[in-house]
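Visitor: Sequence:
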Amino acid sequence: MENQTEPTLSEDLDAFLAANQTQLGGLGIPDGLWMEVWRCITTKQLGSRGRFGVDRSGEVVTAIALAPREAVIVFKHDWIFDSRAAAEASLLRNKPLSSAVAALIAATNIADEAPAELLSDLSSVDVSLNALYKIALEFDVLDDDIQTSKCYCVTLDPYAPAVLPFANAPIFGAGIFVESRTNLSYTLMWPNWIDSNEEIDSEDCIAEAFTSVTRAELTCMPDYSSSNYWVHHYAGSNEANTFDWYVPWSTNLASLIKDAVGGVEESKHAITVLNVGCGNSKSVGDGMIADGVADILIHFDVSNEVVHALAKMGSSEEAGKDNHVGFQDFAVFDAVVGKLPFRQGNGKLFDWAFDKGTTDGLMSESMDAVQKMWKNLATVTDCVVLVSHGNPDRRVALVEEEIAGGWQVDQCLEIDGLDSGWKYWVYICKNSTVA
Numbered sequence: 001m002e003n004q005t006e007p008t009l010s011e012d013l014d015a016f017l018a019a020n021q022t023q024l025g026g027l028g029i030p031d032g033l034w035m036e037v038w039r040c041i042t043t044k045q046l047g048s049r050g051r052f053g054v055d056r057s058g059e060v061v062t063a064i065a066l067a068p069r070e071a072v073i074v075f076k077h078d079w080i081f082d083s084r085a086a087a088e089a090s091l092l093r094n095k096p097l098s099s100a101v102a103a104l105i106a107a108t109n110i111a112d113e114a115p116a117e118l119l120s121d122l123s124s125v126d127v128s129l130n131a132l133y134k135i136a137l138e139f140d141v142l143d144d145d146i147q148t149s150k151c152y153c154v155t156l157d158p159y160a161p162a163v164l165p166f167a168n169a170p171i172f173g174a175g176i177f178v179e180s181r182t183n184l185s186y187t188l189m190w191p192n193w194i195d196s197n198e199e200i201d202s203e204d205c206i207a208e209a210f211t212s213v214t215r216a217e218l219t220c221m222p223d224y225s226s227s228n229y230w231v232h233h234y235a236g237s238n239e240a241n242t243f244d245w246y247v248p249w250s251t252n253l254a255s256l257i258k259d260a261v262g263g264v265e266e267s268k269h270a271i272t273v274l275n276v277g278c279g280n281s282k283s284v285g286d287g288m289i290a291d292g293v294a295d296i297l298i299h300f301d302v303s304n305e306v307v308h309a310l311a312k313m314g315s316s317e318e319a320g321k322d323n324h325v326g327f328q329d330f331a332v333f334d335a336v337v338g339k340l341p342f343r344q345g346n347g348k349l350f351d352w353a354f355d356k357g358t359t360d361g362l363m364s365e366s367m368d369a370v371q372k373m374w375k376n377l378a379t380v381t382d383c384v385v386l387v388s389h390g391n392p393d394r395r396v397a398l399v400e401e402e403i404a405g406g407w408q409v410d411q412c413l414e415i416d417g418l419d420s421g422w423k424y425w426v427y428i429c430k431n432s433t434v435a
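Residues 1 to 435, numbered by our numbering, are exactly what the sequence shown covers, in order.
It should be emphasised that the hints constitute simulated quantities derived from the structure, not laboratory data.
The beta carbon of each residue, even a glycine, is placed where N, CA and C say it ideally should be.
Treat each hint with caution, since some may be false.
To be verified - The list that follows gives simulated cross-link-like pairs (lysine-lysine, BS3-like), each with its CA atoms no further than 25 Å apart:
(1) Lys76 with Lys258
(2) Lys348 with Lys312
(3) Lys423 with Lys258
What the hints assert, rightly or not - Computed beta-carbon distance windows for the label pairs:
(4) Phe210 with Asp14: 53 to 59 Å
(5) Met35 with Gly405: 23 to 29 Å
(6) Gly406 with Ala270: 39 to 45 Å
(7) Ala260 with Arg39: 49 to 55 Å
(8) Ala209 with Ala331: 31 to 37 Å
(9) Gly25 with Ala169: 50 to 56 Å
(10) Gly405 with Ala65: 55 to 61 Å
(11) Glu199 with Asp14: 22 to 28 Å
(12) Val61 with Asn168: 35 to 41 Å
(13) Pro165 with Met35: 26 to 32 Å
(14) Ser432 with Phe166: 53 to 59 Å
(15) Glu401 with Asn168: 30 to 36 Å
(16) Ala311 with Arg69: 25 to 31 Å
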């Protein structure tokens with residue numbers, strides 16, 4: 001029997017980033033600071049740990065000068081409740097919890113004007129419950145019907161984020177984070193005074209001691225696999241804004257794909273491409289036409305708002321670099337539920353489908369949705385160009401063993417020249433079962 005070796009710190013960091021990249025990016029934490037989140041969790045350097053204090057006026061301030069890396073703070077969740085009733089029941093039967101909450105309230109001066117002896121009275125449920133909700137981290141959770149419910153968790157830290165003042169222009173971002181590999185939840189705070197990775201190690205981007213501490217509204221990561229989430233997400237977005245998941249379209253990405261599946265110059269027929277889960281990226285469609293990767297491009301998404309906004313941004317006819325003219329159209333449907341709304345017949349309708357981040361997003365909940373989508377794609381194409389943050393060890397097995405259904409990875413290509421420092425791959429996936 002072979003000895004199994006523990007993963008190195010570098011390997012564990014890679015695994016952490018691969019599992020949690022979507023969450024961390026969605027929270028808005030600069031990717032240059034993601035390693036600091038991992039470091040805090042791995043080394044158990046949790047909580048405020050002397051970085052905050054209270055000045056003479058009672059205001060929470062930074063106790064020391066904080067560089068951006070030092071300003072990444074991870075708070076552990078000691079208890080989690082899904083309702084006020086559950087919290088009350090727990091306090092009734094859990095004296096250590098009630099005592100700990102009361103002690104924390106007393107230590108941080110955030111209790112109402114209640115006598116100290118009352119705070120220590122374990123039989124006083126009302127006082128303890130009020131104390132709990134003054135230091136609780138309250139955050140919203142969206143279910144499949146976009147109904148908001150509350151969850152509550154307790155962090156036994158003198159400067160729990162919920163007791164820090166909220167501001168419209170805070171110096172700290174704040175959000176709930178669930179480690180995908182362990183399902184343990186944390187509250188993260190990170191420096192809101194930097195705008196790019198280049199500023200992380202700059203001596204000009206340090207928060208001085210005695211800076212007033214304010215935080216953003218606490219948010220919880222959504223379920224990226226839910227179609228309702230995306231409908232809700234884009235409905236609240238400015239339709240003039242665009243965003244590219246992972247990487248925007250580029251000549252480098254175009255070159256990789258053209259070498260793998262061919263371009264319009266070599267083709268004897270019009271190349272048709274299906275853009276799976278297009279979101280509000282304009283660079284993909286315009287880039288494919290301009291770089292001679294596609295002649296006819298159909299974009300689809302589950303969000304009516306984002307598809308209509310994308311369609312309004314430009315003409316359906318786009319002239320490419322070499323006067324190549326392509327056609328773009330847009331559709332609203334869910335590739336997971338039911339069949340794709342295209343004519344079924346012998347042969348393939350699309351030369352290939354383009355998936356940048358959609359499969360990765362569906363994986364956040366379960367493989368069932370991923371399998372359904374790829375099964376539907378197999379009815380209209382025999383090739384999927386998958387752009388993913390998952391490394392080859394994981395994604396090849398995902399396509400060939402978990403998605404299965406005749407799908408095989410024909411080529412695996414790493415995208416070079418990325419300034420972010422993160423790695424993304426292009427997987428050319430072929431299916432031999434298409435009629």
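Visitor: Take the hints in turn and mark each one as holding or not.
Guide: Comparing the hints with the structure gives:
no., hint, result
1, Lys76 with Lys258, "violated (47 Å)"
2, Lys348 with Lys312, "violated (29 Å)"
3, Lys423 with Lys258, "holds (20 Å)"
4, Phe210 with Asp14: 53 to 59 Å, "violated (39 Å)"
5, Met35 with Gly405: 23 to 29 Å, "violated (37 Å)"
6, Gly406 with Ala270: 39 to 45 Å, "violated (26 Å)"
7, Ala260 with Arg39: 49 to 55 Å, "violated (37 Å)"
8, Ala209 with Ala331: 31 to 37 Å, "violated (56 Å)"
9, Gly25 with Ala169: 50 to 56 Å, "violated (22 Å)"
10, Gly405 with Ala65: 55 to 61 Å, "holds (56 Å)"
11, Glu199 with Asp14: 22 to 28 Å, "holds (25 Å)"
12, Val61 with Asn168: 35 to 41 Å, "violated (19 Å)"
13, Pro165 with Met35: 26 to 32 Å, "holds (29 Å)"
14, Ser432 with Phe166: 53 to 59 Å, "holds (56 Å)"
15, Glu401 with Asn168: 30 to 36 Å, "violated (48 Å)"
16, Ala311 with Arg69: 25 to 31 Å, "violated (43 Å)"
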